[in-house]
Amino acid sequence: KNQVEQSPQSLIILEGKNCTLQCNYTVSPFSNLRWYKQDTGRGPVSLTIMTFSENTKSNGRYTATLDADTKQSSLHITASQLSDSASYICVVSDRGSTLGRLYFGRGTQLTVWP
Amino acid sequence: EADIYQTPRYLVIGTGKKITLECSQTMGHDKMYWYQQDPGMELHLIHYSYGVNSTEKGDLSSESTVSRIRTEHFPLTLESARPSHTSQYLCASSTGTGQETQYFGPGTRLLVL
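The listed protein sequences correspond, in order, to chains V and A. Per our numbering, the first sequence runs over residues 287 to 400. Per our numbering, the second sequence runs over residues 7 to 119.
Looking at chain V on its own, in the form it has when it is part of the complex:
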């Protein structure tokens, strides 16, 4: 069964600190992995996308890593800001269909305190 598991479920950090979110997946055959940010009451917004051959991708203070052998990914947030408070969702796409089916994790709820 194709699954995407994220940890921790929730995280509270102080403004200015760094944090790392984890994603493990069993989706096969693997196509790509995305990290989305979802603010409360809004739709998800794409942060990064990585294919099988990429092991790191940055977008400003966000850096995603991918280990396709162990089927693990992480999202590292540097120098957190209050606006980083959101749910971060790991999404994995398979190559098994023309739709490019997406498998969503439940997200990590990040809260940044001043």
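Derived from the structure by calculation, the hints contain no laboratory data. Predicted model only: the values in this text are computed from it and were never measured. Some hints here could point you the wrong way.
[What the hints assert, rightly or not] Anything over 10 Å on all C-beta distances counts as not near chain V; from chain A, calculated:
#1 28
#2 32
#3 86
#4 107
#5 117
[Claimed, not checked] A partial selection of chain V residues facing chain A, derived with a Cβ cut-off under 10 Å:
#6 332
#7 375
#8 387
#9 389
#10 393
The beta-carbon is built from N, C-alpha and C at its ideal position, and this holds for glycine as well.
Using the hints provided, position chain A relative to the given structure of chain V.
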């Protein structure tokens, strides 16, 4: 910011009412999707479309129906709303070229009393 819009943003309605959730995108994307998301849970695909006159059911069984008469418009309809339909509904679209990113609308939060 993606050019994909959903209305209404919030809807409170009584059991048995017919409702239509609107979704429009101005990016000319062929593929469009409807997801259902409960608090703290993952998104579940309930409908998708490859283009005009194409509609397919997703992974999660849903009593809703969709139509795709125009490229930019993908409305979702519930003929008779029930409390079990209470959820957040997210619309998305993508270019359909293979490694495409899905762009999401802001969502509609539905509460059925």
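Now the hints, each set against the structure:
no., hint, in the structure
1, 28, "holds, 14 Å"
2, 32, "holds, 15 Å"
3, 86, "holds, 27 Å"
4, 107, "violated, 5 Å"
5, 117, "holds, 14 Å"
6, 332, "holds, 5 Å"
7, 375, "holds, 8 Å"
8, 387, "holds, 8 Å"
9, 389, "holds, 8 Å"
10, 393, "holds, 7 Å"
In this structure, the one hint that does not hold is number 4.
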